[in-house]
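**Student:** Letter by letter, the chains look like this.
Number of protein chains: 2
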Amino acid sequence: MRRAFLFGIFVLEVTFLFTEGVQILQDDAHHYRTKRSISPSRRTEIRNMSPNDRPSCPPGQTVPPTRVNTTVRLEDLRREMTNNGIHAYIIPSEDAHQSEYPSDYDLRREFISGLSGSYGLAVVTSTQAALWTDGRYFLQAEDELDCNWILMKMGETDVPSSTEWLISVLAGITNPKVGAYPFLINSGSWLSYEKALSKENIIMTGTNEDLVGKIWTTGRPQEPDSPINALPLKFAGRSWQDKLADMYKAMTEKEVDAMVVTGLDETAWLLNLRGDDIAYNPFFLSYIIVEKKTNITTLYIRNATSKLTQNPTDTETTQKLHEHLNTREDGNCTGRTGACVKVMEYQQNEVKNQVQSVAGNSEMVLVSFSCNYALFSSIPEQKRLRENTPVALAKAKKNEMERNGMRASHKRDAEALITFMAELERKVKQNVEMTEVSAALDLKKYRMEKLYNRGLSFPSISAVGSNGAIIHYKPSNLTDRRITTSEMYLLDSGGQYLDGTTDVTRTFHFGTPTDYQKECYTRVLMGHVDLAMMKFLAGLYGREIDAIARRPLWEVGLQYRHGTGHGIGMFLSVHEGPGRISLSHAPFDSDSPLDDGQFFSDEPGYYEDGQFGIRLENIVMVKEELDLKYKFPNTTFLGFETVTLVPYEPNLIKYELLSQAQMDWINKYHEKVMENIGTTEFQNRNPEAYRWLESRTRKITRTVNFSAVMSPSVLLILVAIISQGL
Amino acid sequence: MRRAFLFGIFVLEVTFLFTEGVQILQDDAHHYRTKRSISPSRRTEIRNMSPNDRPSCPPGQTVPPTRVNTTVRLEDLRREMTNNGIHAYIIPSEDAHQSEYPSDYDLRREFISGLSGSYGLAVVTSTQAALWTDGRYFLQAEDELDCNWILMKMGETDVPSSTEWLISVLAGITNPKVGAYPFLINSGSWLSYEKALSKENIIMTGTNEDLVGKIWTTGRPQEPDSPINALPLKFAGRSWQDKLADMYKAMTEKEVDAMVVTGLDETAWLLNLRGDDIAYNPFFLSYIIVEKKTNITTLYIRNATSKLTQNPTDTETTQKLHEHLNTREDGNCTGRTGACVKVMEYQQNEVKNQVQSVAGNSEMVLVSFSCNYALFSSIPEQKRLRENTPVALAKAKKNEMERNGMRASHKRDAEALITFMAELERKVKQNVEMTEVSAALDLKKYRMEKLYNRGLSFPSISAVGSNGAIIHYKPSNLTDRRITTSEMYLLDSGGQYLDGTTDVTRTFHFGTPTDYQKECYTRVLMGHVDLAMMKFLAGLYGREIDAIARRPLWEVGLQYRHGTGHGIGMFLSVHEGPGRISLSHAPFDSDSPLDDGQFFSDEPGYYEDGQFGIRLENIVMVKEELDLKYKFPNTTFLGFETVTLVPYEPNLIKYELLSQAQMDWINKYHEKVMENIGTTEFQNRNPEAYRWLESRTRKITRTVNFSAVMSPSVLLILVAIISQGL
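Just so you know, the protein sequences line up as chains A and B, in that order.
Per UniProt numbering, numbering through the first sequence is continuous, rising by one, with the last residue being 726.
Per UniProt numbering, numbering through the second sequence is continuous, rising by one, with the last residue being 726.
Check before you lean on any hint, since a few could be wrong.
Since the list gives no way to pick one copy over another, a pair counts as held whenever it fits inside one copy or between any two copies.
The calculated lysine to any residue pairs, modelled on SDA-like cross-linking and capped at a C-alpha distance of 25 Å, are [said to hold, decoys possible]:
no.: 1; residue 1: Lys383; residue 2: Arg42
no.: 2; residue 1: Lys474; residue 2: Tyr446
no.: 3; residue 1: Lys629; residue 2: Thr514
no.: 4; residue 1: Lys293; residue 2: Thr82
no.: 5; residue 1: Lys254; residue 2: Arg42
no.: 6; residue 1: Lys254; residue 2: Val556
no.: 7; residue 1: Lys654; residue 2: Thr701
no.: 8; residue 1: Lys254; residue 2: Pro40
In case anyone wonders, no lab produced these hints; they're calculated from the structure.
Predicted, not measured: the structure shown is a model, and the values here were computed from it.
Pulled out of the complex, with its shape left as it was, chain A reads as follows (with noise of 0.2 Å):
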């Protein structure tokens, strides 16, 4: 059991990077089902569990002052389950469209356990709260949640899933029932708790109302209500109305009458829309249900009527909402010709009764895995076909504009990292003080004057030293370190712009590395490099590919604890579905195989706890490979276009454990980048980051020690050198 347990925490581990938002419940179903059953002894240790088993709640410890007084929520919390009538109330950290970044808003289980980290899994009973975090919120969980709140370790040996612990504490209470707000789960995580605790006679029971909602009245932040602006089409690359009728050939396709569309990331990209409801997002709180029998498809969002009319706040779009999406005023399509889309009020409940009115004149419908409880239960069993959106499979695809601006984003935004960077190096070496903190900001700075940028994609990743070794590190003040000619600086981040989604990250060493960690550097590269230069059949999936990236590593014992590839968005999220590059002993469900078009990162990387972290992302473009030396016969193969134009760290580069194969791959990249960055109106306007750019793209070539020649029987020692330093 021991063993099938870890298996468990692998694959949470190597998916954290693309699949935060969802991956606890996941977790937990995939934990209980290596398990038949939990033992009689077993359910009273984890019923003992408690509050004071943590280091600073016993009587006597220092109450960290950062710590959250729960108390009253919990009894506001405890008494509206009495009202409703159950035992257990499980808070997820997740919206209704189960966004990776949910709005402040929508932080539900933050306000009640306190801890104010991403991941997290909060459960109330009765008598006892206890929340799920994972390695990276420990310490801080420690410090945020008060001592109502036992800390669940996630990964730690003998700390239950959330299931386990439900099926322990409820023992002994009648009829059990655990409660849930139905809009705040997903199906597929809803299914999971329901079959494994209708085992032990507990019920899954749906609340009418989101219970911590309800208790929560002072000092909630507003619903998100951002304006909503028309993507041109010099952006998106095909009209909204072309792709509604590519949605309605693929419905065809899959003999389904109607499809609820819930990713915030599906709607904008649909309806060639975007917003600012959720931070590093373009997103809008919506739901969209096409109706292929009817010929009907309904908008929902905030303030309808309001928005149609707003005149457009992005200097890019001349149309108004209403005028873009074909509609009256009023949000109807009465009178108007052509393709429109109908507009109503976003409201959890109206969606709800209308998906079930659809249900009714439907055969089938579509939802995604990912669709909140409360609406795939709106349709009934025989009805629903659960399965990746063809939104979700198009929106992947990259149609040849979002190519294109892909392309030319991440052009933009290398300009902008690359003249921060030599910035950054001169003012390390001459010691004037740069801090994790403050070398984001100046990123951040650079990237927004970038041609239609629009913030950032993600928060910067800024990490000296052994801060690089936390693999989700976020800088802040109290955390911040300087940055030094005797440390490595790790340096993750990504911007949003009309036409593209970033995301690029290097590591640095502006003074002397060790042996271990250019040797470390170097295999984190060769993996990277491998995977960027190979090609595949079609039809793989990321998968099956993953472990061409972490050889390098594994060849001398180290690995890293994550994913290789997450997919990403044209102006929508960074980490997009359904794709991935990613060992996964379970495969999910959703997962799809590589194909034409689609972008991926490539970022393995190395962590050494307390000393440093490494990693090396590029964002490369899956595409058919036409022109390999021999055709085996009705055979597709495909391969990468790395799009990404930022140099290496050739401080860090130990160049003889390259093949020649490498070597001549980071030769043509860098040749690359220079030619695409280093033109003469970026050196008559960045003369320092030219030079910068110049001394990192040099050409690296070999020879040969001439006394290996002279006794063929000895092995070649083959040394690097740059050929242009001789």
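Fit chain B to the supplied structure of chain A, relying on the hints for placement.
**Tutor:** This is chain B only, laid out in the frame that chain A set:
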């Protein structure tokens, strides 16, 4: 849909090499899953398929002499079907144990259809008969099936699955029923059929009798009834008493009270017994039921009482069966002290009744994925745990003595192969007539002379030129070709030994290969070596590292359409589960992670239709890597130890394509081969073979083209030479 269909086929193809037996049904189920329903026009199209679609069936065509007349057999079967009230009958290729190689007695599908190939599925309705097979048998099926049969060429466009065909042809029948003999179909396939057919209101029903067996009244081979011998402890490495104790422990961990063991390699392994009921497999028809509560283990075999007291027939065996099992001569345990195995008569319905009764006394019964539906369905649904048995997992992870036996038997096997190869090469070069068939017979003689040899582990694939491109080629007098200096020769063969099972493939060219042939061979070798020297995280599945072996071919647009590695037994199956090294877009439930002590083949290949085939196959053992350069905390790394000891074909290697690491690996491997096989004793006994071996294991080193060193900006051209050859 085309795309999804092709995926199905791909899965099929890549897993050919080791799951021949059960693949058709699995593919069927997979294919069905990808479609929600079949359109009315498609149903009509499928219903209208006819034997006349085959080129040789319309009137006026010549009837091949090899055709089997099945008219009477089908009439007989249809009469039985009517008596049983069923409208269609499914006849798979497998026996009650889902054996890869069933005995002649069990070749029901061949009897009813005429097709003698190993791979097929027959379905008969009251008016039609259809046979599904794969590309290997398309031509053979055309020759052997008479015109009662529709030929379903799996993998070709628009060929329906058996489920789709049944749904289409049974339309219009009131209360349609599809029958099968539930002992001959595994539970997974049955459940898939049941699920898919029930959606169309077709009932899947088990017949009480084997209808094909019932009508097969003349010419049916005897039911196998070979002697059973105990395998001495010096080969098995662990007594059956200890193995049984291990099983009890595993059953306690899994919280099951009983276990039904149905795989013939599992029954043989668990009790350290071997038989000869099935060609190439030292098995005997049997079941084992292990009951933990009552401490009763029952073995079911044919003619139990006479076998218990027979004298052993194997020279290495000293005990009679009843002595080995500590059983009374009548198979009872009454009065025996110590562990005892009760022995009863192998009779399908008796075993079924027993399973039913054991299930009645148990809370949970474990059965494997391949358990037949008859036994599976005798256990109430809530009481069955369907997963790999602990027998399968323990059997795959060889004990110390088994590991040593595998090494020792591979060494003896290599001596036989090397001696044969040296002689073959001389004869071919001296223009002595040697053919695929005669070579295979010669090699068999050399193997049979070896200590502990007990025959071959599978029919040798001995294939010249274009025959080598037929992946599952079996030499026969009809296709026999002479081995010459102008074509490639592929030899895939193996032996059964009391201390191990071997399986090795080498490809040769005794003349002057083309540059293209050399490149293909070298790229196959590169993948083979890359996998052999790979280090990887414990817990990985083979499907996560398979791409490593394919990459060198993919790089130039080439590929092979089979798995890279199958498990292998210790004097058991040459294709042993549950782990495998194979791309698998839809992972099998039974797949299991790579683990220390498991043995796999490493056998990439390349096949050029109508031209040549290349495959290189070694057996490798998974082993923990204890002295890698660095040590990541709390992490286990695995690697492979190669146990096959046969040199490669220097004539076919383009050394300049190899990396230094690949070259080093090959040199080290050849050194090990020479050390192990090229002893003075071997030299004295086989001077010719010794010289052959020596010439093929010479160390390869590189030197450097001097002009390249002179101009460092030019790509270095590395040329390989044989240093001793200088």
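**Student:** So, against the hints stated earlier in the document, which numbers end up violated here?
**Tutor:** Numbers 4, 6 - these are the hints that the structure violates, sorted from lowest upward.
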